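Visitor: Using the hints provided, position chains U and Z relative to the given structure of chain L.
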Amino acid sequence: MPVELAFAIEVLIAGLLSGVMYSLVALGFVLIFKASGVFNFAQGAMVLFAALTFVRILEMGVNFWLAIAIALAVMILLAVIIERVMLRPLVAQPVIILFMATIGLNYFLEGLAQGIWDSQVHGLDIGIPDVPWMSILESTNILISLFDVWTAVICGVLVLFLAFFFQKGRIGRALRAVADDNQAAMSVGIPLQLIWAIVWAAAGMVALVAGAIWGQRLGVQFSISLVALKALPVLILGGFNSIAGAIIGGLIIGASEKLAEVYLGPIIGGGIESWAAYFIAMLFLIVRPQGLFGEKIIERV
Amino acid sequence: MLYRETGQFKTSYKKDMAIFPIRQDRWALIATLIFVVVGVPLLATEHVIAGYLIPLLIWAIAAIGLNILTGYTGQLSLGHGAFMAVGAYSAYNLAARVPEIPIILVFLLAGLIAAIFGVLVGSPSLRIKGFYLAVATLAAQFFVEWVFATFPWFVGGAASMVIDTPKMTIFGYQITTTLDNYYLVLGFVVVGTLYAKNLVRSEIGRAWMAIRDMDVAAEVIGIRPLYTKLSAFAVSSFYGGVAGALYAFCYVKSVDFTAFDLFVSLKVLFMIIIGGMGSILGCFLGAAFIVVLPIILNEIAHLFAGQIPSAMLSNIEHMIFGGLIIFFLIVEPHGLARLWMTAKEKLRLWPFPH
Amino acid sequence: MATEHQSETLLKVDAISLSFGGVHALVDVSFDIQKGEIFSIIGPNGAGKSSMLNVINGVYQPTQGTITYKGEVRQGMRPHEAAVQGIARTFQNVALFKGMNTIDNLMTGRNLKMKSNLLMQGFYWGPAQNEEIVHRQAVENIIDFLEIQSIRKTPVGRLPYGLQKRVELGRALAAEPTLLLLDEPMAGMNLEEKENTCRFILDVNEELGTTIVLIEHDMSVVMDISDRVIVLDYGRKISEGAPDTVRNDQKVIDAYLGVAH
Numbered sequence: 000m001p002v003e004l005a006f007a008i009e010v011l012i013a014g015l016l017s018g019v020m021y022s023l024v025a026l027g028f029v030l031i032f033k034a035s036g037v038f039n040f041a042q043g044a045m046v047l048f049a050a051l052t053f054v055r056i057l058e059m060g061v062n063f064w065l066a067i068a069i070a071l072a073v074m075i076l077l078a079v080i081i082e083r084v085m086l087r088p089l090v091a092q093p094v095i096i097l098f099m100a101t102i103g104l105n106y107f108l109e110g111l112a113q114g115i116w117d118s119q120v121h122g123l124d125i126g127i128p129d130v131p132w133m134s135i136l137e138s139t140n141i142l143i144s145l146f147d148v149w150t151a152v153i154c155g156v157l158v159l160f161l162a163f164f165f166q167k168g169r170i171g172r173a174l175r176a177v178a179d180d181n182q183a184a185m186s187v188g189i190p191l192q193l194i195w196a197i198v199w200a201a202a203g204m205v206a207l208v209a210g211a212i213w214g215q216r217l218g219v220q221f222s223i224s225l226v227a228l229k230a231l232p233v234l235i236l237g238g239f240n241s242i243a244g245a246i247i248g249g250l251i252i253g254a255s256e257k258l259a260e261v262y263l264g265p266i267i268g269g270g271i272e273s274w275a276a277y278f279i280a281m282l283f284l285i286v287r288p289q290g291l292f293g294e295k296i297i298e299r300v
Numbered sequence: 000m001l002y003r004e005t006g007q008f009k010t011s012y013k014k015d016m017a018i019f020p021i022r023q024d025r026w027a028l029i030a031t032l033i034f035v036v037v038g039v040p041l042l043a044t045e046h047v048i049a050g051y052l053i054p055l056l057i058w059a060i061a062a063i064g065l066n067i068l069t070g071y072t073g074q075l076s077l078g079h080g081a082f083m084a085v086g087a088y089s090a091y092n093l094a095a096r097v098p099e100i101p102i103i104l105v106f107l108l109a110g111l112i113a114a115i116f117g118v119l120v121g122s123p124s125l126r127i128k129g130f131y132l133a134v135a136t137l138a139a140q141f142f143v144e145w146v147f148a149t150f151p152w153f154v155g156g157a158a159s160m161v162i163d164t165p166k167m168t169i170f171g172y173q174i175t176t177t178l179d180n181y182y183l184v185l186g187f188v189v190v191g192t193l194y195a196k197n198l199v200r201s202e203i204g205r206a207w208m209a210i211r212d213m214d215v216a217a218e219v220i221g222i223r224p225l226y227t228k229l230s231a232f233a234v235s236s237f238y239g240g241v242a243g244a245l246y247a248f249c250y251v252k253s254v255d256f257t258a259f260d261l262f263v264s265l266k267v268l269f270m271i272i273i274g275g276m277g278s279i280l281g282c283f284l285g286a287a288f289i290v291v292l293p294i295i296l297n298e299i300a301h302l303f304a305g306q307i308p309s310a311m312l313s314n315i316e317h318m319i320f321g322g323l324i325i326f327f328l329i330v331e332p333h334g335l336a337r338l339w340m341t342a343k344e345k346l347r348l349w350p351f352p353h
Numbered sequence: 000m001a002t003e004h005q006s007e008t009l010l011k012v013d014a015i016s017l018s019f020g021g022v023h024a025l026v027d028v029s030f031d032i033q034k035g036e037i038f039s040i041i042g043p044n045g046a047g048k049s050s051m052l053n054v055i056n057g058v059y060q061p062t063q064g065t066i067t068y069k070g071e072v073r074q075g076m077r078p079h080e081a082a083v084q085g086i087a088r089t090f091q092n093v094a095l096f097k098g099m100n101t102i103d104n105l106m107t108g109r110n111l112k113m114k115s116n117l118l119m120q121g122f123y124w125g126p127a128q129n130e131e132i133v134h135r136q137a138v139e140n141i142i143d144f145l146e147i148q149s150i151r152k153t154p155v156g157r158l159p160y161g162l163q164k165r166v167e168l169g170r171a172l173a174a175e176p177t178l179l180l181l182d183e184p185m186a187g188m189n190l191e192e193k194e195n196t197c198r199f200i201l202d203v204n205e206e207l208g209t210t211i212v213l214i215e216h217d218m219s220v221v222m223d224i225s226d227r228v229i230v231l232d233y234g235r236k237i238s239e240g241a242p243d244t245v246r247n248d249q250k251v252i253d254a255y256l257g258v259a260h
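Listed in order, the protein sequences are those of chains L, U and Z.
Under numbering that gives the first Met the number 0, the first sequence has 9 at position 10, and the numbering climbs by one with no breaks.
Under numbering that gives the first Met the number 0, the second sequence has 255 at position 256, and the numbering climbs by one with no breaks.
Under numbering that gives the first Met the number 0, the third sequence has 105 at position 106, and the numbering climbs by one with no breaks.
In short, the hints are calculated from the structure, not lab data.
All values reported here derive from a predicted model rather than from experimental measurement.
Treat each hint with caution, since some may be false.
Here are the computed distance ranges between Cβ atoms for each label pair [what the hints assert, rightly or not]:
{"hint": "1", "chain 1": "Z", "residue 1": "83", "chain 2": "U", "residue 2": "32", "range": "41 to 47 Å"}
{"hint": "2", "chain 1": "U", "residue 1": "166", "chain 2": "L", "residue 2": "272", "range": "36 to 42 Å"}
{"hint": "3", "chain 1": "U", "residue 1": "168", "chain 2": "L", "residue 2": "272", "range": "41 to 47 Å"}
{"hint": "4", "chain 1": "Z", "residue 1": "207", "chain 2": "U", "residue 2": "24", "range": "37 to 43 Å"}
For glycine and all other residues, C-beta sits at the position ideal for the given N, C-alpha and C.
Same shape as in the complex, but just chain L (with noise of 0.2 Å):
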């Protein structure tokens, strides 16, 4: 195979790889989003706190799965707490009310990760080797990283499990009643603060296992806070409130950064990466607004 088009498949296909970690975290987003028309703009918060609180409990000794158990035991409180005491008194709230609140959310979940831990950066080694998968790298000259398919094998498992458990199922049907209407749903006697809390417990699951991934490669420290923000490109491309727009569209969006960064980012400066994966969700947002899975909204008047 000729190297520039090994390397070619090659970028396109780290870039997808990379791309499964977006839908991952863009499914935090529109999990919550779904349940309660907010923009959680807390969702890079939850990864630090998330990160840093398993990376903690590694670091005193414990076992890596009691280590994943408790630091998720620990996200599914925060997600109670956060309902009780953030969303429970702003339910009947504008939902910018709520996204405020969110953004203050992540202030507090800022000062209080490297409070009760620290801000050092945390070298985090979850077992997977960061290696060439090297059959593939022999037979076809094309490079991957095991590591990145690893991580794609575990969040592709994880996004299908979660769509599948809010797709299908009671709890599927009350998420969707919810999403469509949160008045109603509560007048049929759907709990709404218990599916708050799920879809709160979720995001933070997606975010320990985002922070896990993302700690891995870049050391558990504070700026692992802002990978939440390169998912939101994925969230424009799929929709807010499409669980499968979020898996393509991550796929899209990691592809074509990979792709733009590698063959258009010399041409222009580099470093293009912390925009143009907006520029491209932004293109595709003029042609058709409503996202890739989103539904037409028909005015009623």
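Guide: Relative to chain L, chains U and Z alone:
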């Protein structure tokens, strides 16, 4: 007793439609003006003026801008920092490259350039709404940060990407002292506030609020949605641009892209939420809150100095800040300005509330 | 039938169809509205009455058919262009600007007529100020006409439903429309409020010569004040004519009145 309208009859619509129709309000305003022009320089130390009052006033201008877009027109923006940055860099380049332009004009032109940029950012607003638009403004924020962090041309080629602002002269008078800077900023604040107050009570202000409250009905009554939204973007980013220019020239005295990052956008958003969306007075209250809160937290921190490490203090500061925001939203989602209004309404009827 | 002497067609609806996805809200509906008449659209819930109004003032674009207004065929007209052309309306669910007071809500109805630019408005100078005052005068006349003086400066969100409907009517009147579309202006009102609203509608029609299209569920009101009536059922026109003609139309009785009474 003091705050009552009894006996103040408005005999023409002109009087009823005056900017401050209640006599006591006018007196309070005049007293405040006298105080900030004469009293502050006499009473406040240079440290207070340079460190707190000047930024407070500048933040108030920025907040008025964002409030016009978000509070009055209902278009959520996370990119106000970008508009401020465009204003600051425009002002620097105008002042440094064409020194003949009078500095006041430089600030106004910087505002205009920011306004043009704002219209560009706002142009998809006809088709995209709500959080989609918010993320679009976020895109503008990151793009602007990247541009000013990447191309040294904007800072006259300085490799550090940071540059001091040039000296300012007005009609041959050099702006040097803290007080000079204070009066310059104050001038912009007074004119800018009156201008904004007039806009929001005129035809365009009603159009903005109509779009905010119910855009379909607004269009049916004959309000052009695109023009109205874009005019809000333009005016909003004009204020943002002027605020950014003043921030660079009169407060930090340098142009630096890190001064206008996403967290600046969020900070201004906080000001209008805490102060009150859709209230000009609220912009000042919110700015004051955001400027004063860290000072208070700092003072409290001093009490524990030595006992708690400073990293911990900054974390606690974050937590208190975030916690207060949530607390505020729960207790009074309409902001300080609403509390003030309620107090005034009670006062009007006092001591006979029924 | 329509008033026979020197009737002049203001609005001609020709073979309009409207569908959302697979749902047919309107199917091949045609009718004319004469200048100066009170024209009512009735029909059971979901018959497509509100959709019809939405098509007339450009909120929805029809899937098929044409609308001719003041002798001109309109193509893809947006709501604000319809407003420029003198079409005003009220909504089935009150669509007031909740954050504003009564005066400001009514003043938005005058926005189209105001010409000052941003710069003049910001400084509130000369022409801008005079313009505000002239239009305030006009709005005050409407406030007097609708007898809502006491709620001038009340934020409309705090008003009871009936008053909100009246303010909404005021906002539409403030635009001095040629054609006024009223979507259930009396829904949820008590008898006295209904009588008042009827009186306002008749006054507007007689004194200002405004043509009125009315959607209303209260049959006695419709039969009393309408010049002509059409009946929609499942998006199709099933009857048209003077109130008496419609009242005795067997199809109408089957589809609608028979169920209601």
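Visitor: Now look at each hint and say whether the structure bears it out.
Guide: Going through the hints against the structure:
Distance hint for residue 83/Z and residue 32/U: a CB-CB separation of about 43 Å, consistent with the stated range 41 to 47 Å. For residue 166/U paired with residue 272/L, a C-beta distance near 39 Å keeps the hint of 36 to 42 Å intact. The beta-carbon spacing between residue 168/U and residue 272/L, approximately 43 Å, falls within the hinted interval of 41 to 47 Å. For the hinted restraint 37 to 43 Å between residue 207/Z and residue 24/U, the CB-CB distance of approximately 39 Å keeps it satisfied.
In the structure shown, no violation is registered for any of the earlier numbered hints.
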